[in-house]
Amino acid sequence: MPSQKDSLKIIFEAFVDKNQRILLVSFSSDIFSNPAAYTRIVLSLLKRTNNMPKFHTDCIEKPVASGLQKLGRLVGRHPWWFLAIPLVSATVLGGGFAFLTEAQANNIEEQFTPVGGPAKADRALVSRYFPIDESSFTPQRLITEGAYAAFIAVHPSGKILSEEALTEVLRIDGVIRNMTVSESGQAFKYRDICAQKNGECAPNAVLKALGNNARAIGSIAFQFPLWVTATEQTFLGTILGGVETSGSGIVQSAKAIRVFYFLKESEVETSERWLREFLKVFTEEKNDFQLQETQVSYFTSVSRQEELESISKNVIPLFSITYFLSVSFSIISCLRFDCVRNKAWVAALGVLSAGIAVLSGFGLLLYCGMPFAMTVSNSPFLILGIGIDDMFIMIACWQQTKVHDSVEDRMAETYREAAVSITITTLTDVLAFFIGINTPFRSVQSFCLYTGTTVLLCYVFNITFFGSVLALNGKREAENRHFLTCMKVPGNCPPDRSKAYSLCCVGGLYDMSSGTETEHPMNLFFKKYYGPFLTKNWTKAFVVLLYAGYLAASIYGCFQIKEGIDLRNLALDHSYTVRYYDHAKTYFSEYGANIMVIVPKKADYWNSTVRKDIESCIDKLNDLPYIEKQLSVSWLMLYKIFAQRSNIVLDDQSVFVNTLPAFFRLFPDFNQDVNLSGGVIDASRFFIQAVNISSAVAAKNMLSELRETAESCVVPLVVYHPAFIYFDQYLVIVSNTIHNIAVATAVMLVISLLLIPNPLCAAWVTFAIASVIVGVVGFMAFWNINLDSISMINLVICIGFSVDFSAHISYAYVSSKKSSVNEKATDALYLLGYPILQGAISTILGVVVLAAAESYIFRTFFKIMFLVIGFGAVHGLIFIPVFLTFFGLCTKTNVGENEGTPESIKDTHSEAPSNLQLHRRSVMESASRKMSLLYSESDSS
Numbered sequence: 001m002p003s004q005k006d007s008l009k010i011i012f013e014a015f016v017d018k019n020q021r022i023l024l025v026s027f028s029s030d031i032f033s034n035p036a037a038y039t040r041i042v043l044s045l046l047k048r049t050n051n052m053p054k055f056h057t058d059c060i061e062k063p064v065a066s067g068l069q070k071l072g073r074l075v076g077r078h079p080w081w082f083l084a085i086p087l088v089s090a091t092v093l094g095g096g097f098a099f100l101t102e103a104q105a106n107n108i109e110e111q112f113t114p115v116g117g118p119a120k121a122d123r124a125l126v127s128r129y130f131p132i133d134e135s136s137f138t139p140q141r142l143i144t145e146g147a148y149a150a151f152i153a154v155h156p157s158g159k160i161l162s163e164e165a166l167t168e169v170l171r172i173d174g175v176i177r178n179m180t181v182s183e184s185g186q187a188f189k190y191r192d193i194c195a196q197k198n199g200e201c202a203p204n205a206v207l208k209a210l211g212n213n214a215r216a217i218g219s220i221a222f223q224f225p226l227w228v229t230a231t232e233q234t235f236l237g238t239i240l241g242g243v244e245t246s247g248s249g250i251v252q253s254a255k256a257i258r259v260f261y262f263l264k265e266s267e268v269e270t271s272e273r274w275l276r277e278f279l280k281v282f283t284e285e286k287n288d289f290q291l292q293e294t295q296v297s298y299f300t301s302v303s304r305q306e307e308l309e310s311i312s313k314n315v316i317p318l319f320s321i322t323y324f325l326s327v328s329f330s331i332i333s334c335l336r337f338d339c340v341r342n343k344a345w346v347a348a349l350g351v352l353s354a355g356i357a358v359l360s361g362f363g364l365l366l367y368c369g370m371p372f373a374m375t376v377s378n379s380p381f382l383i384l385g386i387g388i389d390d391m392f393i394m395i396a397c398w399q400q401t402k403v404h405d406s407v408e409d410r411m412a413e414t415y416r417e418a419a420v421s422i423t424i425t426t427l428t429d430v431l432a433f434f435i436g437i438n439t440p441f442r443s444v445q446s447f448c449l450y451t452g453t454t455v456l457l458c459y460v461f462n463i464t465f466f467g468s469v470l471a472l473n474g475k476r477e478a479e480n481r482h483f484l485t486c487m488k489v490p491g492n493c494p495p496d497r498s499k500a501y502s503l504c505c506v507g508g509l510y511d512m513s514s515g516t517e518t519e520h521p522m523n524l525f526f527k528k529y530y531g532p533f534l535t536k537n538w539t540k541a542f543v544v545l546l547y548a549g550y551l552a553a554s555i556y557g558c559f560q561i562k563e564g565i566d567l568r569n570l571a572l573d574h575s576y577t578v579r580y581y582d583h584a585k586t587y588f589s590e591y592g593a594n595i596m597v598i599v600p601k602k603a604d605y606w607n608s609t610v611r612k613d614i615e616s617c618i619d620k621l622n623d624l625p626y627i628e629k630q631l632s633v634s635w636l637m638l639y640k641i642f643a644q645r646s647n648i649v650l651d652d653q654s655v656f657v658n659t660l661p662a663f664f665r666l667f668p669d670f671n672q673d674v675n676l677s678g679g680v681i682d683a684s685r686f687f688i689q690a691v692n693i694s695s696a697v698a699a700k701n702m703l704s705e706l707r708e709t710a711e712s713c714v715v716p717l718v719v720y721h722p723a724f725i726y727f728d729q730y731l732v733i734v735s736n737t738i739h740n741i742a743v744a745t746a747v748m749l750v751i752s753l754l755l756i757p758n759p760l761c762a763a764w765v766t767f768a769i770a771s772v773i774v775g776v777v778g779f780m781a782f783w784n785i786n787l788d789s790i791s792m793i794n795l796v797i798c799i800g801f802s803v804d805f806s807a808h809i810s811y812a813y814v815s816s817k818k819s820s821v822n823e824k825a826t827d828a829l830y831l832l833g834y835p836i837l838q839g840a841i842s843t844i845l846g847v848v849v850l851a852a853a854e855s856y857i858f859r860t861f862f863k864i865m866f867l868v869i870g871f872g873a874v875h876g877l878i879f880i881p882v883f884l885t886f887f888g889l890c891t892k893t894n895v896g897e898n899e900g901t902p903e904s905i906k907d908t909h910s911e912a913p914s915n916l917q918l919h920r921r922s923v924m925e926s927a928s929r930k931m932s933l934l935y936s937e938s939d940s941s
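The UniProt record's numbering numbers the first residue of the sequence shown as 1 and each following residue consecutively.
I should point out that these hints are in silico values taken from the structure, not numbers from a laboratory.
Within a straight-line C-alpha distance of at most 30 Å, the following computed DSBU-like cross-link-like pairs (lysine-lysine) qualify: (1) Lys818 to Lys527; (2) Lys620 to Lys585; (3) Lys159 to Lys280; (4) Lys629 to Lys640; (5) Lys562 to Lys620; (6) Lys189 to Lys264; (7) Lys700 to Lys562; (8) Lys120 to Lys264; (9) Lys402 to Lys70; (10) Lys189 to Lys208; (11) Lys197 to Lys120.
Remember, it's a predicted structure, so these values are computed and weren't measured experimentally.
Required output: the full structure, derived from the provided sequences and hints.
Given below as structure tokens:
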């Protein structure tokens, strides 16, 4: 006898979409012959389908959306409270600006060199063992840059050593040495505060040889780079530049001469007063020099710091221009030819919301005593763009609500749709900035702390202050009042009135079919033209090829980028320091730092084996490609020669130590290179000469090789030069940038997974982050932007902004109820394409004025922000929508609580169903009615 299953001839089809949801179950005509079997099979099918895995992660998104929906309703119910409280709070927090002056932190070394850099520890060691002797001064033994002034005289034709050119140089030197500076009723000159050697100011070897007589140059033969006389030897590599020599090393011509004036570091205030007077000599009395043969540039040890501090003052006027542009763009983009639906005031107050967020965020941190670095001056431009971007999203979602619903309901719906999206972007931006605090550069730390905190407050003000503005505007619209006069206006134009009257005094139109505000032309453009065009097969193929080209160019650029910050970039373009840096680089780059090599521990120098080990280590350092072996200076080598000529054997401790005083009398400078106490040498130092350090890469390689060689020696050594404080950035900038980007990207992925209810779409957001970062870094090389602490700030920004656009589109795509992937992409572009475009343009407008700044720091900020926003918008509006269509799994489930019963099976296709969909729906309804009948019959039996 055939089984019950066979006799029933159950034939059914289950159409299941990508979310494992049943769309249609059709049954053969004899399925109802056995109601009990029918019930068991259908329920079994439904149970199995319901139990199929759903790849969604909306456990966070749903409660967040629900909570924000309640907040929106509350704001709609009490808008005046949410308007007043943020304004009062901003006023109180803004009082923190009273502490701005004392919170400013613009010290270049502190802000632009890595915290805890090895060179700083090495400097402390050198200071402990080899303190500066200002009565026996030599520049190569400076532990810091020192207190100094300098000028470079250039004769482009190579005749700086001509009598005419040297006459001008001596004239400048005479004016500087004889200028009188008054302070507190006392007058002093250079000789009163100069660093001395042998009882006189540390001289310039060339000018000293001339004896203040330019005609004497004809009788002097300078040997380059080491000039040896009967009494001393002098290194000319830092004094003469652009030198051409004969075969024997005699100088034939030179293009530049540099003259230093070193001051006592112990007299800080007096030295700074003299340095400022030095600058006045060149700026106010330059004509007194009567220069005809030479070009002169000048510099002081305080110039770099003063120029850096002047940069922020230079950019302040640009903020007012930025604010004007942002307000204008926001108003224009929100204008409507409807005096009721016009949102000009809403847009203007939205920009104000970002402004008071800056006031509050900065004020709060200034109250807390947080250092305010110069880089923070970039932040308001950025935050203005972020705030306006979120404003456009909220306005767009408000316009999708039903105009006849209550303001509370409209606000609740707006917050439910918009707030989750802006919450995602705010979280990612804030976390990106806070992750950026974990960097060794204080300038980056300060920027990230101020910007991250202010972005968070910008979000708070958007959902409170701006939300109240939106609610109050909704109340005005609900009463059909004019956006300027607040007078009630008719909804339809009387027949006897003109079109001008209709435009100015009639409003409140809306889409009768949807019940929402009339669509903006740009939204219609994305829906009817751009979306369908982008989702055509041939367009997708072109987009894929375009992306391949973009990625290839970006990866190539990543391998071309340069590292490190050029100190000339810390000054304004027209600064006098720029010319000095250019002259120094052009004529004095052949010979670099005179590097200290320190033996930091006690050693038995009288032991011949130890001496050989030390000499072997010095030889290894001298053999490196960036070191000139012939210019190294070793007190130990000269001491051995001295002992040999004096017939002294140095293999005994007492003999070695007791002979040192006689050696130091003959070579007094070396007395500063040996730390001797109690008959024991605690530390000593030697000198090696760097050459051809013309780029950051060369400086990085030299420093790395020097340290590796020094650490590998039998006798541990330390290498140090004051410039290494800045060179340390080259060793950490790349690794630290990669670390921050990797950590931030991982955090962004987690946030996306939690708030975008589909893991695959969250993965696409993470992909967008990586893609935009690669593009920005690659195109930085094409735009001559170095990877330094300034650009690192912008790459941190890049992480947050690259999330913004892709997250908006991805969330809209996931939330779309359209059936096909192409329709979903078009729907997402229709809803958020224009707000994304508005946000991109507003953010670029927020920083575009920085392109006119006279500072590398601010121009770099503009360039990278332009790349970030440009590439982010291209990903959000072109690449991501296309790539999402390749994967149909990116959908969001909205199944009811009773999912699993036949009554709950719903069609989730478009609102205008096709005939096939209507047929399927009728079949389902028929099946449900029959099933209910069967249940009742079964119960009665």
